[in-house]
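Protein chains in written order, with the working numbering: chain A, 516 to 1083; chain B, 516 to 1083.
Watch out, some of these pointers could steer you wrong.
Since the list gives no way to pick out one identical chain from another, each pair is judged satisfied if it fits inside one copy or across any two copies.
[Unchecked claim] Cross-link-like lysine-lysine pairs, in silico, DSBU-like; alpha carbons within 30 Å at most: (1) Lys-663 <-> Lys-754; (2) Lys-577 <-> Lys-675; (3) Lys-728 <-> Lys-612; (4) Lys-1006 <-> Lys-586; (5) Lys-590 <-> Lys-1006; (6) Lys-875 <-> Lys-616; (7) Lys-663 <-> Lys-612; (8) Lys-724 <-> Lys-995; (9) Lys-998 <-> Lys-590; (10) Lys-611 <-> Lys-729; (11) Lys-754 <-> Lys-672; (12) Lys-577 <-> Lys-1006; (13) Lys-665 <-> Lys-1014; (14) Lys-1006 <-> Lys-675; (15) Lys-922 <-> Lys-729; (16) Lys-754 <-> Lys-998; (17) Lys-724 <-> Lys-590.
These aren't lab readings, by the way, just hints derived from the structure by calculation.
Protein chains: 2
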Amino acid sequence: MPKEVVIVGAVALGPKVACRLRRLDPEANITLIDRDNLISYGGCGIPYYVGGDVNDLEDLYKTSSHAVRDKEFFKSCKGINVLTRVEATEIDRFGKKLKVKHLDSGEEEYLAYDKLVIATGASPVIPPFPGSDLPRVFTVADLHDAEKIKSLMARGKVGKAVVIGAGAIGLEISEALTDLWGIETTLVEMEDQVMPTLLGKCIARLTAKEMEKKGVTLLLSERVLQITEDSENNQCVVKTSHNTFSVDIVVLAAGVRPNTELAKNAGISVGMSGGIAVDRRMKTSDPNIYAGGDCVELRNLVSGENMLMALGSLANRQGRVIATNISGGQSHFQGTVGTFCIKVFDLGISKAGLTYRQAKLTGFDPVYAVVSQADHAHFYPSSEMVYISLIADRRSRKIIGIEAAGKNGDAVKARVDTIAVLLRHGVDVDEVCGLETGYAPPFASAMDVINNAGNALDNILAGHNRPVDAADFLFEFAHKEIKVLDIRGEKEAAPFIEKYGVQWLNIPQDQLRSRVSEVPTDEPLYLLCDTGPRSYEAQVYLTSRGIMNTYNIQGGFAMIVVTDPEFI
Amino acid sequence: MPKEVVIVGAVALGPKVACRLRRLDPEANITLIDRDNLISYGGCGIPYYVGGDVNDLEDLYKTSSHAVRDKEFFKSCKGINVLTRVEATEIDRFGKKLKVKHLDSGEEEYLAYDKLVIATGASPVIPPFPGSDLPRVFTVADLHDAEKIKSLMARGKVGKAVVIGAGAIGLEISEALTDLWGIETTLVEMEDQVMPTLLGKCIARLTAKEMEKKGVTLLLSERVLQITEDSENNQCVVKTSHNTFSVDIVVLAAGVRPNTELAKNAGISVGMSGGIAVDRRMKTSDPNIYAGGDCVELRNLVSGENMLMALGSLANRQGRVIATNISGGQSHFQGTVGTFCIKVFDLGISKAGLTYRQAKLTGFDPVYAVVSQADHAHFYPSSEMVYISLIADRRSRKIIGIEAAGKNGDAVKARVDTIAVLLRHGVDVDEVCGLETGYAPPFASAMDVINNAGNALDNILAGHNRPVDAADFLFEFAHKEIKVLDIRGEKEAAPFIEKYGVQWLNIPQDQLRSRVSEVPTDEPLYLLCDTGPRSYEAQVYLTSRGIMNTYNIQGGFAMIVVTDPEFI
Chain A
516 MPKEVVIVGA VALGPKVACR LRRLDPEANI TLIDRDNLIS YGGCGIPYYV GGDVNDLEDL
576 YKTSSHAVRD KEFFKSCKGI NVLTRVEATE IDRFGKKLKV KHLDSGEEEY LAYDKLVIAT
636 GASPVIPPFP GSDLPRVFTV ADLHDAEKIK SLMARGKVGK AVVIGAGAIG LEISEALTDL
696 WGIETTLVEM EDQVMPTLLG KCIARLTAKE MEKKGVTLLL SERVLQITED SENNQCVVKT
756 SHNTFSVDIV VLAAGVRPNT ELAKNAGISV GMSGGIAVDR RMKTSDPNIY AGGDCVELRN
816 LVSGENMLMA LGSLANRQGR VIATNISGGQ SHFQGTVGTF CIKVFDLGIS KAGLTYRQAK
876 LTGFDPVYAV VSQADHAHFY PSSEMVYISL IADRRSRKII GIEAAGKNGD AVKARVDTIA
936 VLLRHGVDVD EVCGLETGYA PPFASAMDVI NNAGNALDNI LAGHNRPVDA ADFLFEFAHK
996 EIKVLDIRGE KEAAPFIEKY GVQWLNIPQD QLRSRVSEVP TDEPLYLLCD TGPRSYEAQV
1056 YLTSRGIMNT YNIQGGFAMI VVTDPEFI
Chain B
516 MPKEVVIVGA VALGPKVACR LRRLDPEANI TLIDRDNLIS YGGCGIPYYV GGDVNDLEDL
576 YKTSSHAVRD KEFFKSCKGI NVLTRVEATE IDRFGKKLKV KHLDSGEEEY LAYDKLVIAT
636 GASPVIPPFP GSDLPRVFTV ADLHDAEKIK SLMARGKVGK AVVIGAGAIG LEISEALTDL
696 WGIETTLVEM EDQVMPTLLG KCIARLTAKE MEKKGVTLLL SERVLQITED SENNQCVVKT
756 SHNTFSVDIV VLAAGVRPNT ELAKNAGISV GMSGGIAVDR RMKTSDPNIY AGGDCVELRN
816 LVSGENMLMA LGSLANRQGR VIATNISGGQ SHFQGTVGTF CIKVFDLGIS KAGLTYRQAK
876 LTGFDPVYAV VSQADHAHFY PSSEMVYISL IADRRSRKII GIEAAGKNGD AVKARVDTIA
936 VLLRHGVDVD EVCGLETGYA PPFASAMDVI NNAGNALDNI LAGHNRPVDA ADFLFEFAHK
996 EIKVLDIRGE KEAAPFIEKY GVQWLNIPQD QLRSRVSEVP TDEPLYLLCD TGPRSYEAQV
1056 YLTSRGIMNT YNIQGGFAMI VVTDPEFI
């Protein structure tokens, strides 16, 4: 008898399970159901549709060969039954059947299954303040939302917007509104940085500055209290802890929450993080029911804790695993190291593992290095700067996180991905120093930025390099009378000497050995060069001459200038 | 007493050892000697200087902060003594002193050492045919060669050139001559493909086609017999096994050979590959003598055999290891997995591990998959195709090699580097299927090309996917009356049906299930789609209907078109 397989949810994981299973098992009856009429789409493409990089909504549910992935496509090309506008309302685990409701007719029926797959995804978190349900307040969870916002903008109805939440979606949507549509956009975040669950302060600062440079008004540590309607002007009034704005639309981007009701009501285990619990074969607590995608919790392979990680790429990989297992094979999904990337205007940002804050919370003793260096050979014309923050555990020397940013997003991702794939293998600092990535001047440096991130961390752990990061330095410099020893050339240092007077000393690198007697020894000195290596070298030299009270500004002037463009 | 450290060779590894050692040991007397007057330069940048991407020769020996790395720089900035135009002639290991000759004065002297570092590099192989020493025959081993060639071209003296050897340097120099200078360039290679030691036939074919498309005349399986002078026309006459050319210059790019005389004459072990033997601390058979860079042999961490790998990036990483060890620390250089990348006109090419041929020779049972897919989400406007060939050992399922090419070299390198860094960990096919690299539509697909390379290989190993690569298919198609079943749309197939008649069948994917009775079962069928996944799906479906005699053309039409642009 052919196997009956029912899959609830037809966006990312659901179709992947169905298609792979069809290829492995030509006999199975595969039924894919979804509440929506639009299925099998690239949800991660929504901000690009809103922003205009993707013109037609259809492009998000077309294959790379331009076939529209609708019911008919799944039937004729794949031999898969699709039921749209159908909601799963109840699992009868004992009877192995799923109760569903046809949303248009109201009819209910039971679908029998041998194996059931729950791919119910996640829904946007609706923050608890009054007014989040007003008509001009949107989420961007599906294609219908996207279309509504875009058509409002296309009709010229939107001049000002507030986006609430500076996570990934909040940033992408802010860019979409600002960049193509020229909408005056204010992004409100209650934490003190952008992407607080994804980035540490250095790369977050740099990202925030890029947003501001491109015209987004960014309000951190600010909480939305309520939204009210101004029906006279067709506007919303957003009241925050510090401000009041009248805007045409509000976009809620306060994160997502796994859709677990169906599972929970059937008595299937839900984990501490709020996602459905699954084993390494993506099986739930019921051996005939699998789950995957945004509705499950995953093991974080760095921290060892379970976590939520709503990402289409993980859903796809899990879908393949589920299909293999349903068809009688054995395949494992071990968890995630939290690899992530995003484009924010002209910046590519990429990360994997834990942030410094998360590492502390998880019981590591984190230490980090920040480096800035060109992605390609510095003499090659196409090079752009990459900024990397690499985090290790002090005792074990194991890498526990990496974050990076730069204008060439592919090159940024290249560096982070090499560490990401090694995290589960317990890569240590020494391995990063010698990491054998490809080298040719158009694509890398002989000692690449990723190796130098390892080298810097190695030197910090050995005590040779006593660092301060650019953000901390800027804070200190703004609040105390600290002194900088600038070891760049006289020309580079001159405007700073003029602006900051006695706070700014200059001894160019090639004169440091002969002028070492001029170096003040009675107070801390912050050593600065272009990108960090020379100030490190100066620090080592000064240490050898007994001048120990120095801090090496990590990433040098290059890092300062992206952390606070107004410093100069 | 401060340590006396003498370093022979001041291009890549030598300066790295010197500078790192200075930072670790402020007291040591460090002396760096070189036969040349130009030192510490980016030798890998020579083709870009010749080709004009790098304008000034100085840029190749300037730091990223624009300081010229000369004797004075090393003295004042680093506290390192540099002796240029000085040749090391003999090591007195018993007396721990190095005999050197000042090339300009002829004077000789001894330099005492506690630790000696041999960084003598490699020299171009001069092929044994007559005429390789003629004045218009050049190598491109150092900056002087580069300057000579460039000044000839700048004076308009070069209209035609022959480059001998289609290894990395041969390709880079051919591009440099053709691209900026418009020189009619013929590249002669005695093997049957470009980069025979670096690439398998699929990616090599694709590279060759790019060269030809950009105007280079590529002659494979052709041997140079002699070069003679035509002094009347200021030309060389190159006679090969098949042709005779009159050209203005000849560039020899027949590989390099490690400079081991100094070591050999001192009785230091030289390995089977011809490079100086070193242990994991980069120590030679003499405990007071280290060696590194292009003059040593390295352990290939995939094959387990020792090999030569002349690459500035490896030299730099080794330099750091040597300095740590000399200063009393413990650091290891374990070997290489042969990671390599190169730009050839508009193509970025990247590889790691063994080629199919090398894998066979080393006793593996290699099996490979070829995939073509966009580097970014297919709906995102900036996407470019990436072509990947992934090789595993059949029995162990361990990955032993990867090769890739594409227009976005950073994106190509990103994929290859993730596998490269895992090779020494014994990564298997399953790990590649689930590889957690960063995903966002501007930078990757939800199921990225690297995952799909793993998936394809997994399906091949499982017997679900019975592949033929594009090059083999094209050969068969040209020589036999084989039949293609094209499952793309009618419009895509029409020109091929017109051109190839009965050899070309077309049943679009969405009709395959209803028209399966039309599929011929009495002869082999070559299944074709755009990039491979649909023809694989068709193959699986046909198999389930008892039609087993099919081959899935790997990488689909996308791969065919770059393998043989004239096929259409």
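Each hint tested on the structure:
no., hint, result
1, Lys-663 <-> Lys-754, "within (24 Å within a copy, 71 Å between copies)"
2, Lys-577 <-> Lys-675, "neither (32 Å within a copy, 49 Å between copies)"
3, Lys-728 <-> Lys-612, "neither (55 Å within a copy, 60 Å between copies)"
4, Lys-1006 <-> Lys-586, "between (67 Å within a copy, 23 Å between copies)"
5, Lys-590 <-> Lys-1006, "between (70 Å within a copy, 22 Å between copies)"
6, Lys-875 <-> Lys-616, "neither (47 Å within a copy, 58 Å between copies)"
7, Lys-663 <-> Lys-612, "neither (36 Å within a copy, 80 Å between copies)"
8, Lys-724 <-> Lys-995, "within (23 Å within a copy, 63 Å between copies)"
9, Lys-998 <-> Lys-590, "between (71 Å within a copy, 28 Å between copies)"
10, Lys-611 <-> Lys-729, "neither (54 Å within a copy, 63 Å between copies)"
11, Lys-754 <-> Lys-672, "within (21 Å within a copy, 74 Å between copies)"
12, Lys-577 <-> Lys-1006, "between (56 Å within a copy, 18 Å between copies)"
13, Lys-665 <-> Lys-1014, "neither (47 Å within a copy, 46 Å between copies)"
14, Lys-1006 <-> Lys-675, "neither (44 Å within a copy, 46 Å between copies)"
15, Lys-922 <-> Lys-729, "both (14 Å within a copy, 29 Å between copies)"
16, Lys-754 <-> Lys-998, "neither (42 Å within a copy, 70 Å between copies)"
17, Lys-724 <-> Lys-590, "neither (49 Å within a copy, 40 Å between copies)"
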